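Colleague: Put together the whole structure using the sequences plus the hints.
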Amino acid sequence: MVALNDVRDHLGKRIRFLRKAHTPFLLEEGIKSLPDEVLSHIFEAGHYITDDCSFAKRVSQVSHRFRQVSLRLPLLWTRLLGEYSKDQIALFVLRSGQMDLDISLYSYDSRVHDHLEILGPHSNRWSHLRVYSEEAENAMQYIGLTELPNLRVLYNHCPIELTSWKLPRLTQIQGYGCNLPPEFIAQQLTTFEFSTSQPDESFDIKPLAQAIYSMKNLRNLSVTLKRCREASSDLNIEDLKTPSRHSVFIDTLHVTIKDCTTYAVVEPLYHALSHLSASTVNFTLEDLTDMDIPTRCTYLSTGRGNISMFPHGSTINIRILRLENPYPIRYRPSLLAVLVQDCDIANTIHIEARSNTTFISHYEAIEWKYFSALRHLRFTHCDELSEMELHALVTNLMIGAEPGKGLQSLEVIECRGISEECLLDLADNVGSKLTWKL
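Quick note on UniProt numbering: the sequence shown kicks off at 1 and runs consecutively.
FYI, nobody ran anything at the bench for these hints, they're computed from the structure. In this text, all values refer to a predicted model and were calculated from it rather than measured experimentally. For each residue, glycine too, the CB sits at the ideal point set by N, CA and C. Misleading hints may appear alongside valid ones.
Cβ pair distances, simulated, as ranges [said to hold, decoys possible]:
1. Asp204 x Val38: 51 to 57 Å
2. Asp87 x Ile143: 17 to 23 Å
3. Thr190 x Tyr48: 18 to 24 Å
4. Met388 x Leu321: 21 to 27 Å
5. Glu230 x Gly404: 48 to 54 Å
6. Ala264 x Gly120: 45 to 51 Å
7. Gln68 x Glu117: 50 to 56 Å
Modeller: Structure below.
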């Protein structure tokens with residue numbers, strides 16, 4: 001037996017050595033046998049799955065053949081980075097043919113003016129624009145480069161005064177801080193992303209709310225609040241004149257609350273967005289430690305007068321990472337129970353919550369009728385999910401449910417409080433509808 005083990009180990013090492021030695025050769029030979037047309041499609045796919053400007057340069061420097069193929073693909077040369085030299089910018093523009101251009105502007109030195117001299121005559125081809133500094137925006141204003149007839153996506157990482165710009169095709173803005181579009185542009189937008197940029201400052205929700213209310217074609221909204229400690233001192237929530245609750249339907253809503261943002265800021269945000277109902281809602285709560293949060297409220301609650309939940313959509317994804325809760329378990333609301341009670345269209349709910357979360361509280365009566373729309377439920381890394389809660393879900397929502405009703409799938413992914421024995425026992429009753437990974 002010892003001799004057989006030695007032979008097996010030796011053969012294993014030999015196989016691994018041969019695999020390492022020959023894999024590069026086989027890969028090289030395989031690439032050589034690919035027609036140029038197929039290689040072109042691979043390069044174009046590589047361009048689409050990356051978002052930086054270096055892919056074209058890297059792939060064109062691999063070999064003579066790669067370079068020849070890449071030079072015949074205008075798409076690869078359409079991303080123009082502000083860090084390039086004037087000659088590189090001119091070369092990329094030439095190689096890009098007549099395709100749309102993706103422009104990134106910085107202002108580390110005078111190169112931004114040189115770049116705009118080259119890029120200005122091609123302003124009708126600009127489809128994506130990233131402005132990283134006020135100096136770059138000022139340079140565009142100075143030379144009158146504010147009419148971009150083909151621009152569809154604007155990433156403004158600094159304040160930009162858009163009132164004098166002509167952007168007839170603009171549909172997407174990713175903004176920071178006070179970068180809110182004027183009403184005539186807001187009405188065009190289908191996608192809007194907003195993120196606070198100045199931490200620890202008082203946050204005024206009113207300008208953001210008014211901008212969102214004017215976005216009549218909005219389909220996708222993303223709001224990120226980071227380190228916002230105080231709401232505006234003169235804020236009166238009732239002054240926001242929010243449209244009727246859940247009266248505006250959109251495709252996706254992303255909300256991220258993180259880095260010690262307080263509930264005093266979160267509450268008016270939820271009120272301002274309460275008119276929205278989304279097909280998919282994505283919520284992330286991360287590094288939150290507010291000790292003044294009202295009793296029986298969570299960072300998902302809409303107000304101090306009740307414990308209703310803000311998220312409203314047919315698919316709801318919630319991630320809770322590093323969240324402190326100042327109250328004992330008996331005073332925590334049942335996250336899942338209250339969520340479905342306040343969202344009667346929730347068909348699919350995914351929850352990742354590593355700590356300080358109660359899903360089905362045994363300190364209060366659960367109204368299981370509110371779960372009637374729920375069909376798919378997944379718990380991931382929910383370390384405080386108990387076997388008692390899981391039993392309650394399976395018993396009330398799966399066992400004995402009418403065909404097509406109740407939970408059709410329940411997933412438990414790496415939840416430390418759930419044993420394999422518990423899962424096996426439950427699976428005996430519901431079969432393949434229950435899946436798990438330990």
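Colleague: Taking the hints in turn, state whether each one holds.
Modeller: Hints and how they fare:
As the Cβ distance of Asp204 to Val38 is approximately 54 Å, the hint placing it in 51 to 57 Å holds. Range check, Asp87 to Ile143: Cβ separation about 20 Å, and the 17 to 23 Å hint holds. Our hint of 18 to 24 Å for Thr190 and Tyr48 holds, since their Cβ atoms are close to 20 Å apart. The given range of 21 to 27 Å is respected by Met388 and Leu321, whose C-beta atoms sit roughly 24 Å from each other.
One distance hint, 48 to 54 Å for the beta-carbon pair Glu230 and Gly404, holds here, with the actual separation near 49 Å. Taking 45 to 51 Å as the suggested C-beta distance range, the pair Ala264 and Gly120 conforms, at roughly 46 Å. Our hint of 50 to 56 Å for Gln68 and Glu117 is violated, since their Cβ atoms are close to 30 Å apart.
In this structure, only the earlier hint numbered 7 is contradicted, and the remaining ones agree with it.
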